[in-house]
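**Q** Working from the sequences, and respecting the hints, build out all of it.
The opening position of the sequence shown corresponds to residue 1 in this note's numbering, with each subsequent residue numbered one higher.
In short, the hints are calculated from the structure, not lab data. Heads up, some of the hints might be wrong.
Label pairs and their computed distance ranges (CB to CB) [to be verified]:
#1 E49 to G124: 32 to 40 Å
#2 T111 to R51: 16 to 24 Å
#3 G167 to F274: 30 to 38 Å
#4 S67 to L141: 49 to 57 Å
#5 E52 to F274: 48 to 56 Å
#6 H172 to I270: 13 to 21 Å
#7 S67 to F183: 57 to 65 Å
The C-beta atom is built at its ideal place from N, Cα and C for all residues, glycine as well.
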Amino acid sequence: MAIFADKARTFLCAHAFIFMMMAYGLFIILGAVILMILEQPEANLLVQEVRELKSLFLTENPCVEESSLDSLLMNVLSASKRGVAALKSDSVECNFDFTSSLFFVITFLTTTGYGTTVPLSDEGRVFCVVYCLVGIPFTMLLLSCLTRALLPRVTHTPIQNLQVFWGLSRNHAALLHCSVLAFCTATLFFLLPAGALCLLENHWSYLESLYFCFISLSTTGLGDYLPGRTQSQAARHVLEFATSCYLMLGLIVLLVVLESFWELQQVQAILHFFSGPPWLGELKGLGLDELVLSGDMAGPEEEPHYTLPISTISPTFSDSPATPTVELPPNFDMPPMATSKENVPPSLRPNSSPGAGCING
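**A** Structure, rendered in structure tokens:
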């Protein structure tokens, strides 16, 4: 029956995994379709608007050739894609001074990569590749170590306190703590920063500010929104430095929150359900009493030894629970007595001589 149950569970896990992959594929297709429906009309409207502006400019300036205007626009757009605002005289200084370079390095190492500033020279690209090979693993290692160091203080200790002082079970305490932790994280790293950006960037709405916070901390970094682009150089430096600190601190907090949710029993149950065969996850909760040395694993000179249990249950109990008792047959008509040498009469003590094989009355 156990073998049949294991095979049935393996069969269910395999089909559940296939179902999950199909559901994920449908989820991706659904997202693409929804984005196409929502964004394609806006893109067509923007293209039509640009073409009308271009036609109006050529009408008002008949001396300008259309091919020359297209070449100018293509060069400006190409420079803009590479992080250089060619229409501003101070763009190079803004993009490659120390503060902007520091901001680029942090976004590069955290894999956010807004794409607004990119290396322009071949030497810079080679340096970024070499720097990436060392810097990104080092950053991930640092974030992992900080997460492991903070997890006992931020998650394990509060859960234990909820168990001790509030009398909650382990599962209920973990759920309550994760809910409070998620609420505090959403407030401190999404809602409040979005409100601050909405006040600093006058042309941003609150939804756009919240969108920027989510895109940044999810390390997506689309680059369509970036604070400080329309302000002075000093304000831009301050916002870039603040964004760098926000990225590092926010990623650490999000990793701690994700690790806390990962330890929930419900999440672990879902993971074990989709993880495949049942024997992959059975050893994690194995007790010490289940670790039995089998005969084929023992060495040639090692044999299993059998010992009596620490305590036994018998119809008669003595004063000392560690002292076993002996019940004599009914024909002796005597109460049970302990097997210690002090309480056993000499006539009942076993004789070590070879000829003694019975008890004399």
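**Q** Against this structure, judge whether each hint is valid.
**A** Hints, one by one, checked against the model:
no. : hint                     : verdict
1   : E49 to G124: 32 to 40 Å  : 36 Å, holds
2   : T111 to R51: 16 to 24 Å  : 37 Å, violated
3   : G167 to F274: 30 to 38 Å : 34 Å, holds
4   : S67 to L141: 49 to 57 Å  : 53 Å, holds
5   : E52 to F274: 48 to 56 Å  : 53 Å, holds
6   : H172 to I270: 13 to 21 Å : 18 Å, holds
7   : S67 to F183: 57 to 65 Å  : 58 Å, holds
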